[in-house]
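> Got chain A sorted already, so can you dock chain B onto it with the hints?
2 protein chains.
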Amino acid sequence: MAPPEAEALAALRETNDRFYRAFETLDLAAMDRLWLHDPHVRCIHPGWDVLVGWDDVRAAWERILQNTGWIRVSVTQSHAEVMGDVGLVGCSENITSGREGDVGVAVAQATNLFRLTPDGWRIFLHHASLAPVHVTQPFSGVLQ
Amino acid sequence: MAPPEAEALAALRETNDRFYRAFETLDLAAMDRLWLHDPHVRCIHPGWDVLVGWDDVRAAWERILQNTGWIRVSVTQSHAEVMGDVGLVGCSENITSGREGDVGVAVAQATNLFRLTPDGWRIFLHHASLAPVHVTQPFSGVLQ
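Line by line, the protein sequences give chains A and B. Under our numbering, read the first sequence as residues 1 to 144, first letter to last. Under our numbering, read the second sequence as residues 145 to 288, first letter to last.
This is chain A alone, in the form it adopts within the complex (with noise of 0.2 Å):
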């Protein structure tokens, strides 16, 4: 059986893992399970000035849902900790996004706080911010 330790941080990455699936299928009712209903929680998004508390947090999630035609974002450089019932994770944010036919891409560094509760880890502070975007020729080892 694994010990405590390694199972809240199995855990820790599996609630990590959520968050981007609740934001890549535009799940409002999942961000609600996964963030803590608390008037400290933070919320920064790129270039945004930060959000402080749930209400504002989540209305800010309701507009970013309802204004994303798609979105993929695939996590890279995961750096999972667990201090107490605290749960960190690092990760870099590597996101295709689309809206009427518009396509974008964009590389965020992402740093994730999260609270040990009776119902598991919920997130408490989410800072994402832009990084560079490395422009890569796809398949160049391949064909070398």
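Here chain A is said to cover these stretches of chain B; the calculated rule only asks that three of the stretch's residues, wherever they fall, bring their Cβ under 8 Å from a Cβ of chain A:
#1 175-189
#2 214-225
#3 229-242
#4 261-275
Listed next, with one range per pair, are the computed distances between beta-carbon atoms:
#5 T261/B to S140/A: 45 to 51 Å
#6 W192/B to G98/A: 25 to 31 Å
#7 E151/B to G98/A: 50 to 56 Å
Some chain A residues well away from chain B (every beta-carbon gap over 10 Å; in silico):
#8 A10
#9 M31
#10 G98
Derived by calculation from the structure, the hints in this document are not laboratory data. Here a beta-carbon is modelled for each residue, glycine too, at the ideal position from N, C-alpha and C.
Coordinates of chain B only, in the frame set by chain A:
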């Protein structure tokens, strides 16, 4: 006497203040004392990729401090929270900086994470991202 929790919170705020004083005084030795020297520390400067590990984080601070003529960081909207031996300070950094006659202003949103060690709070994560700058008319309230 203040309860231990209030003491820990006061010490956390003070360490966050010392971080910005170290930045303003371009004091790398103070940064050395403020950060956890650990391979897992994370630092994301505005628009940058994440830096992982104290060696890379320190090298970047060294370059930033060397390439800054002068900098003032006025911290506002500060929120501090102690969760066991983890401390969180979220704040707005209102930055004025200059180098060789050029002066610039910027606002960044920061998420700073600290661990409580036998030597006090030490930073293990700094995430800063640019936020909108509100240009104001100084003293307009006074003159009306």
